[in-house]
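Enquirer: Residue-level listing of the chains:
There are 2 protein chains.
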Amino acid sequence: MRIGLDVMGGDFAPLAIVKGACLVLEELSSDDELYLFGKKESINEILGEQNVSDKRLVIVDCSQVIDMHDQPIKAFTAKPDSSLAVGFSYLKQGKIDTFASAGNSGAMLIGTMYSVGLMEGILRPCLAALIPKATEDGGVTVLLDVGVDTDTKPETLYQFGLLGSCYAECALGIKQPRVALTNIGEEDGKGNIQSKAAFQLMKNSTYNFVGNAEPIEIYKNNVDVMVCDGFVGNLLMKNTEAFARIVVKRGLVDDFIKRFNYEIYGGLPLLGANGVVIVGHGISNEKAIKSMVLQSKKIYASDIIGKLKKELQANK
Amino acid sequence: MRIGLDVMGGDFAPLAIVKGACLVLEELSSDDELYLFGKKESINEILGEQNVSDKRLVIVDCSQVIDMHDQPIKAFTAKPDSSLAVGFSYLKQGKIDTFASAGNSGAMLIGTMYSVGLMEGILRPCLAALIPKATEDGGVTVLLDVGVDTDTKPETLYQFGLLGSCYAECALGIKQPRVALTNIGEEDGKGNIQSKAAFQLMKNSTYNFVGNAEPIEIYKNNVDVMVCDGFVGNLLMKNTEAFARIVVKRGLVDDFIKRFNYEIYGGLPLLGANGVVIVGHGISNEKAIKSMVLQSKKIYASDIIGKLKKELQANK
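Chain order of the listed sequences is B and S. According to the working numbering, the first sequence is numbered sequentially starting from 1. According to the working numbering, the second sequence is numbered sequentially starting from 1.
Hints listed in this document are in silico derivations from the structure and should not be mistaken for laboratory results. Check the hints yourself; a few may be wrong.
You can't tell identical chains apart in this list, so a pair holds if it fits in one copy or across any two.
[Said to hold, decoys possible] Here are the simulated DSS-like pairs of lysine-lysine, each with C-alpha atoms no more than 27 Å apart in a straight line:
| # | residue 1 | residue 2 |
| --- | --- | --- |
| 1 | LYS39 | LYS190 |
| 2 | LYS307 | LYS153 |
| 3 | LYS74 | LYS190 |
| 4 | LYS258 | LYS55 |
| 5 | LYS316 | LYS249 |
| 6 | LYS95 | LYS298 |
| 7 | LYS258 | LYS153 |
| 8 | LYS249 | LYS287 |
| 9 | LYS190 | LYS79 |
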């Protein structure tokens, strides 16, 4: 398959990205191709330093860069030859199968809308994070949305349940994933106006809705997917990450805490996009980039797009 | 002073509550009085078992109990001789100076509204939690609201900043507390519709507003007060508590983690109430009850009600 990677996105770009690309080569098949979008000169310089020459690396020279300070909507018009703009155009034209970047996540969203767009019937796309459970089997909970839709409508929360269920099945191999609504109490009728309305929709869904769940359930094994508003999910994810980082910094580490490492997951899929788009962490190092590329491959292979389309059709 | 305590509220009532009352006696002054609202027979039985007889304990016999399954609004009409109803009536009549319960928190809110009510100008009351910072000085961050107002309007968030600032000054002795708005990014203009609107109001406030803060700031020392919607705050508090509990359960404990113990703080003040009302944790044991009584005393002594009234007048 053809995996697209934005070399210019992320706090440590392009060095960490190209090094990550080199690292991942040994885990790619002989017929995989890794498309590197960015400044050819910089890429070749780093490849030279790394002493890497591999015909599976395809460099697509782009003269411009969309950085963290660029206004996402303006950026694509202003910088048509940026690595993001060109990468998304390749994705749209079917020249690559997936596209991943650790750069400006707002621009990733806009790039998606301008290129492959959303699947038919999708109200809003969302980002799904995998949070480690404190269970012996090393499982994870899918938490979504964690940052795209900051004012989520009840019908969108309902649909996030479907997206999360499909993702848990495709990416984690869970049959009939247990989908819960993140709430301040387990009882029916708990919550704010938004969650009360979403609950009513979700209880009549075709996916396996198991009711409201409090944050503790993220770490236990009673649910597989926890749905929330993007504002709430982003805060919960950041709160968990912050606490885990502090715990590690204080030298309190065990198998559970070690799994709170963004390097392992690499990036978050933008669910609802009409193509495989992976949004990486801005601070991505080479290991994280390697994971992001492997995740791109895994998600593409799972045919989540095809399965989601079928589900959306059935849920029309 | 005269401290009111609901003996019938909480998962381990009345035993844990009466035992907590016995425990706290040695830390009360000779002219303090601890009013115990509940079934006289049960209270006397436990006092007998504890071999405690102290003239500072004033038993107010109440024949009824509002439990966790009672509908808060109906409960007060249906159970006029419950420990909660009688306790609040004492508070309203000035027969006690403070009232605390580890019982039905919804009923505590309704009881407050029906008795002492809210201070003039208060839009919505809120609960303020103290979350330990991971700093050497053992400081805490005031997080509010953590569960009363689940659909908070921007002007209410603005006012929570004032309540939190006043509470941090009175209860923690912090001059000019740094008040932040809990948000998904630090930059101005970040967030959802609610937080964007609140930011505009808060930046023109009379309190020391320092801008948006991400969840990591709860544990650092750049802010003293973090304001959020009650739905969000409740989830954040529960997420932190859940994570801390898991970490403890896994044997990862140090000075910071040890401080995540509700027993230390005992209960949360209902800010905005026109009297000192403390809401305890349902699972309160005797140590937590002791802390809750001591906190009642401390908050009353700080004259937070008088100071808040002055602030509200100035902010009219």
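Enquirer: Taking the earlier hints as the rules, which of them does this structure contradict?
Expert: Per hint list: 1, 4, 5, 7 violated.
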